[in-house]
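Asks: What follows is the residue order along each chain.
There are 2 protein chains.
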Amino acid sequence: MSLLVVGSVAYDALESPYGKVERTLGGAATYFSISASFFTHVNLVAIVGDDFHPQDEAIFKARSIDIEGLERAEGKCFFWAGRYSENLNERVTLVTDLNVFAAFKPRLPESYRKSKFVFLANIAPDLQRDVLHQVKGRPKLVAMDTMNYWIERTNEELRETLRHVDILMINDSETRQLSNEHNLLRAAKHIFKMGPSTLVIKRGEYGALLVDKNGVFCVPAFPLEEPHDPTGAGDSFAGGFIGYLAGRGITPSHGGIDISELRRAVIYGSVMGSFCCENFGVDRFRTLTREEIEGRYHEFKACTAF
Amino acid sequence: MSLLVVGSVAYDALESPYGKVERTLGGAATYFSISASFFTHVNLVAIVGDDFHPQDEAIFKARSIDIEGLERAEGKCFFWAGRYSENLNERVTLVTDLNVFAAFKPRLPESYRKSKFVFLANIAPDLQRDVLHQVKGRPKLVAMDTMNYWIERTNEELRETLRHVDILMINDSETRQLSNEHNLLRAAKHIFKMGPSTLVIKRGEYGALLVDKNGVFCVPAFPLEEPHDPTGAGDSFAGGFIGYLAGRGITPSHGGIDISELRRAVIYGSVMGSFCCENFGVDRFRTLTREEIEGRYHEFKACTAF
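Here the protein sequences come in this chain order: A and B.
This note's numbering numbers the first residue of the first sequence as 731 and each following residue consecutively.
This note's numbering numbers the first residue of the second sequence as 731 and each following residue consecutively.
It should be emphasised that the hints constitute simulated quantities derived from the structure, not laboratory data.
No copy labels: a pair is met if it fits in one copy or bridges any two.
Here are the computed lysine-lysine pairs in the DSSO-like style, where the Cα-Cα straight-line distance is at most 30 Å:
1) K1031 <-> K943
2) K919 <-> K1031
3) K844 <-> K943
4) K846 <-> K835
5) K870 <-> K919
6) K1031 <-> K923
All values reported here derive from a predicted model rather than from experimental measurement.
Next up, chain A with everything else stripped away, as it sits in the complex (with noise of 0.2 Å):
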C-alpha cells in the first residue's frame, strides 16, 4: 500500500575518516523514502531550492517514488555539514541552512491524499499535524520521528501530534528526553501513556529496541567491519521498517500489530540502516538490490540465532 512520508530533502556536506564529499543528497525524506522503496510505493512531501539538480531527481524517478509532492521554491536547498570522529561515533555539526526550508508549509497533492501509511520525519509537530489532518479519513498506521529540538521547545505541540501516532521511532536520549525516564522499558510505559502504542528505539551501533504491550524485542546491529559514514542510518532504519509493513499492507488490528512481522520490519529496518553506512550520503542505495536486502536479511538471523 502507498506511503506518504513528509521531510526533509537537503544536500549535505560529510567528512569521516573514509573520504569527503563536499556537496551530496541528504535529508531524512530522501534517506526514508529510497530505503522504503525497495518495499513499497511512496509519496514524498518535501521541498527544494533553485539549486536542487535535475541529476539528484533521478533517483527518485529511478525507484518507485512520487515527487509530485516535492515542492520547488525559490531559494536554496536545506544545507547540512558534518564532520565525524576517528571512530564515527561522534560528529560536529559545521553547518546548518535551513534555507527554503524555513518556510515549508507541506501541501499534500490531491493524489497523496488516499495515503495508508504515513511517516512523519523529523520537522515541527505542529507540521506533522497538519500533514495528517490533509489525509482523507484515519490512515491505517501513523509512524513519527522527532528529536530533541522539539522536546524541548515545542513540548506542547509534540505532545499533541503524539496522540495521533500508532508507532514513534527515536533514538534512546530522546526517549529517555521525551519520558524523564532513564531506564528504556520503564521510558516506554511513560510514552504509551502519550499515544502511541510501539516505541522503535533506535540504539546505532547497538541495534534496537522494540517495546509494545507484549513486551519487548531486543536487536543487535548488523556488524559491519567498514562502516564509511553513518549518516541518514535512522532514516533509513525507519523506510526499511515502515516500508516492510506498508509493502506487506500490515496494520494494527484490535490485537494491535502482529508482533512476527513487527519483528521482521525491525530487522529489515536494520539492514537498511547497515547498508546506508557502506557508502556516503544515499550512494550505497544506487546498486542495492532486493536480492541483497534478503541475502543480509538471512546474515542477520544466521549471526544472532541459537
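Starting from the structure of chain A, add chain B where the hints point.
Replies: Then chain B, alone, in the frame of chain A:
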C-alpha cells in the same frame, strides 16, 4: 568437568540510587565462581585476610565450590568502594585497598592440578601464567579476563600470557585498547594473532559479541526494568559462559569449539549477568534456582527471536 578460577575475593562498599551497602562479599573470583557453580564444580584460588567472615564462606560451601585454595593471610581483605550514577551507567571508585591481595602468589592445592577448564580472572598477567604452569598438562580450555591497567603497564607480560589462552573475555574499550583498533571485528582479527581463537566482547547494557574464525555472534543484553547494582555482572557473565562449557565438557576440537554450544554459553552468560544486576553484591544468587535460569534462557529466546 572441574573448573579452576583464580582471581580476587574482596569486600565491596556499594552505593547506587537503589541503596547502599557498607560491606558485602565481592571480587571477580567470587562472582565468577558463584555464577559458574550453577553449571559445574568450581575450584577457587584466591586470598583473604583475617577479617574474612566465616559467614561469607557459607555461600561457597553451600554451592559446589571447593575453597581449599582460598589462602588465609595476615592483614585485611581486598577492599573496594564505588558509587554509581543515577542511571547506573557510570561509576566512580572511592577506595581501592589491595591489602593482602598485593602480595598474592597463587598456589594450587594438589587436588586442583588436574583441572581441565581454567578461568584466569583479572589479575597480573605473570600470576595468570604462573597458575597455568601449576596445572598438570595442558588444560582442555583456558579463558581469561584482563583490564586497561595490565594492557598499559605490563603489555609484554600480557602478550606472553595470551599465547596460552583459548578464549579472551574483555569489554569493548579493552578490546580497542589491546588491538589499537576501534572497529570490533577488525580488532578481533588482531587479537587472534596474539593467541586466543575466540574473543568474547562484553558490552554491558548493550549485550555481547562472540567472534571466532566462523564469524560473529551478536546478542543484546537481557532487558531489565529495575537493575539495582551492575557490580560483578561481567564476572557473572564469564562464570555462566565458562561454567556452561565446563559443565557440558565442551572443549575445542580440530574445528574449534562447537559453534552452537558457544552461542548457548553466551546466552547463559548474559542470563547470569542479568540476574547479578537485580540485587546488591551476590545477593541475587543466594536465592537463584536453576529453574529460574532456564526460565530466563527461554525468555531471552522469546525477546530476540524473529
